[in-house]
Amino acid sequence: MPASIPAATPSPAERLLSLYRTMARIRAFENAAEETSRGGVAVFGAATDTSALVRGPLHLSTGQEAVAAGVCANLERSDYLTSTHRGHGHTLAKGANTSAMMSELFGRAGGTNKGKGGSMHIADFAVGMLGANGVVAAGIPIAVGAAHSAKIRGSRAIVACFFGDGAINRGPFLEGLNWAKIFELPVLFVCEDNRYSATTATDAMTAGEGAAARARGIGLPAETVDGNDVLAVDAAARELVARIRAGAGPQFLHALTYRVKGHVSVDAAAYRDQGEVESALEGDPLKLASRRLAALGVTAERIAEVDREARAEIEAALAAARAARSPEPAEAYADIQDTGAGQWH
Amino acid sequence: MNYAQAACQALAEAMRADARVIALGEDVGHGGIFGQYRGLQQEFGAARVIDTPISEATIMGAAVGMALTGLRPVVEMRVADFALCAIDEIVNQAAKNRYMFGGQGRVPLVARLPIGIWSGSAAQHSQSLEAWFAHIPGLVVVAPATPADNYALLAAAIACGDPVIYMEHKELWGLEGEVPPQHTAALGKARLARSGTDLTLVTWSKLVHAAVAAAEQAAQQGVSVEVIDLRTIWPWDRELVLASAARTGRLLVAHEAVQAAGFGAEVAATVAEELGVPVKRVGAPRIPIGYARTLEDVARISAEKLLQELIHFVRSDGRKRSVA
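Chain order of the listed sequences is A and B. Sequential numbering of the first sequence, starting at 1, is according to this note's numbering. Sequential numbering of the second sequence, starting at 346, is according to this note's numbering.
For reference, chain B alone in the conformation it holds in the complex:
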């Protein structure tokens, strides 16, 4: 089963089990532009799998109104970049509603905001904005890396009752992987993707796969890397990360998002504060994503880049590089 099919299955199961679960957004009736809603309108009808106008603010705002009045909407935003047209509805309405109205209402919605570089799609269809939403009280932020987790985490997100920013990666839709029957994953719990002893590498979303590949290559050079797939960006699994970094004595956090003010800074700062071990970040340069392959590649974090960074980190014993 691929990553898109896994999400589709989770949503279909939730809709079969609970009449309150509905989906709305642009093109969902045709299966969604990535196939992540395929077959759902045929099974559940146009009243529950709702094709909407290109009205992001109202797609999200209507979902808030639906959630407040007894439904559990799954909101299609197509790409995270388009959700910026609905930022008031996400940040001021969905996230604040429960608190500012004194707990009178709940907003159980899941907003799907796919992130990540999508080959050749340039600056407005490729951003990884998970840090923006992690910054907002009231929101849960999820970024699955595998088909199994996309199945389990989407199910958990629909069930959780809080507004969830659910960030799939646009270059993972076709990724095949096993989805064990009855597979579950708890929000806020990271996944140990690979055990190791010399360094803890924390990452999420598509970069998990490059991280595991880099770790395999590092092993051949005698460096043992533990890879943690964070899975939930907020609330992030501090316990697992801190326990791992305490054991390995080094933390490298990597993400496809721009490094400056990225969520990796939060993870690194926490580990440094709590453990005092050396930390390092790897993220994209603070540049828009360019169209030409040569430009796009500058913004990508490759397995080779990760390998180079982690080998250097371990060999230099985590100390600051000397200034020439």
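Just chain A, same shape as in the assembly:
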């Protein structure tokens, strides 16, 4: 799969179908990951099932796929991306191989991170994906540094910096946006607003007018879009990326979406109103795109074929991950540091 979709696609239907394909692949990947993670983490009082293949916290972006697909469709392979603990979609949309990704979730030696990171730290530097991060907002300063580096080195690379609505209440959000603006760095900040900070509604924890207003307060142009509408995200990202490449400095995209699943895969999210969830499901980005595709004359059969291809790709990724070997214990000592390597005590 190509990492990016050419901006000048032959037709709106083909463009949308490409975006839909990315979303379908993310959905299929995360559904499979969720299935294989059942019981894989002890949280909310649940015990761990030691037979789970995907261990530890698994944060799903189900329902948020349009943000990853729409933004990444406007990036080049050499552009950089920083992500969050909920980073499968960003990683896949930036062009990572799904077998290597699934192998990482399974903790295999052939995973993107050699089994050392898992879901929460998934990364693929070869496609510019500089890492998911276990610490909220921690990707922001790193993204800003990568952009600063690109500017110093005279590279045309830009940086897409994804973070959630919870991140805007952490200090690095203020520091990083301010830094990007004073140095006029090529960063697209993307607040993927899924309305929840772990198990707490972000609204109740956030003063003022929220993400876009805070960005404007620091002097960044900010756009708010329906983050479930992949065409809206695509159009906004295309415009903002073009501005950044033209040297207009950092831009801010606030994409409103909804976290369909719990904070982690085993979280039933019983703390929220079921009506809220049901109404959010009506706005599912794949459903929405599917209806749009039909309106553009794409047949139901063609859409179903894309879905089948996505599922087949992920089945193959699962099979590869199941068959792959785990890292040897000795590999625990590799890739730590060169200075003092061998002095482990």
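Treat the hints as calculated values from the structure; they're not laboratory data. Every residue gets a Cβ at the ideal spot worked out from N, C-alpha and C, and that includes glycine.
Here are some of the chain B residues that sit facing chain A, going by a computed Cβ distance under 7 Å:
(1) T403
(2) G406
(3) A407
(4) V409
(5) T414
(6) F446
(7) G448
(8) P482
Add chain B to chain A, keeping to what the hints say.
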């Protein structure tokens, strides 16, 4: 050449030799508050000697992003105490990056975190926190004691490719000393500051100077002290320390940091485990550093205190003091 100028020279040479080396932090364009960046922005420009906002987390986090994408940043944190505002970026990001991403990236940065009591600066500008960083896998921790070593070790730190916590001492900036041309020092190698036969005294940073002074005075009392300047806290030079302690039969480890859970405990425990020789620690009491001179002095380790401790240690033959 003084200690600050030596570091400045090492950085200037690295920047001349390698366009990837840059410096960033608060006030570096004005030479840094200790003069350790003097003249660099004039020579290399504001794009490579970068004045930043007071945003420690982003100074350090941006340096991680820069290091991952082809630069070799030298990061100014002003004093180690302020780096606590960037502890996630140091501990969870810089130190873990290479490992948790499976070796995809490297973080070749040098973070300058000056340590030590700085006269009259009280509790938040005076801490010696080298043990904190020695505890973190992925980090190298360096604490130079002399101008020559500040020159050579900073050059080695910039060249090494690992994230380095580089801890200069705030009361050493003005210390004059010879910096031999082409002087080099390897990370992880200690320096024999003084030879002796009765006791091995391991220390680092500013306390090296008090240790050598105490050793000179001890010699007049017939006690021969070997002083080792550890220079690199992690990876520390076990070989030199163990060889010395095996010869002298006694180890005293001294540091300006709080004694409890200080890095001296690690050195002492290792020597005791490996050699079974008597060991002793001297460090600061576990109290914040007070402002008034009378309070500040309680936290200081003087040459007199070291002399007293080492004479007592040798005369008591290293055995535990009897309980009255």
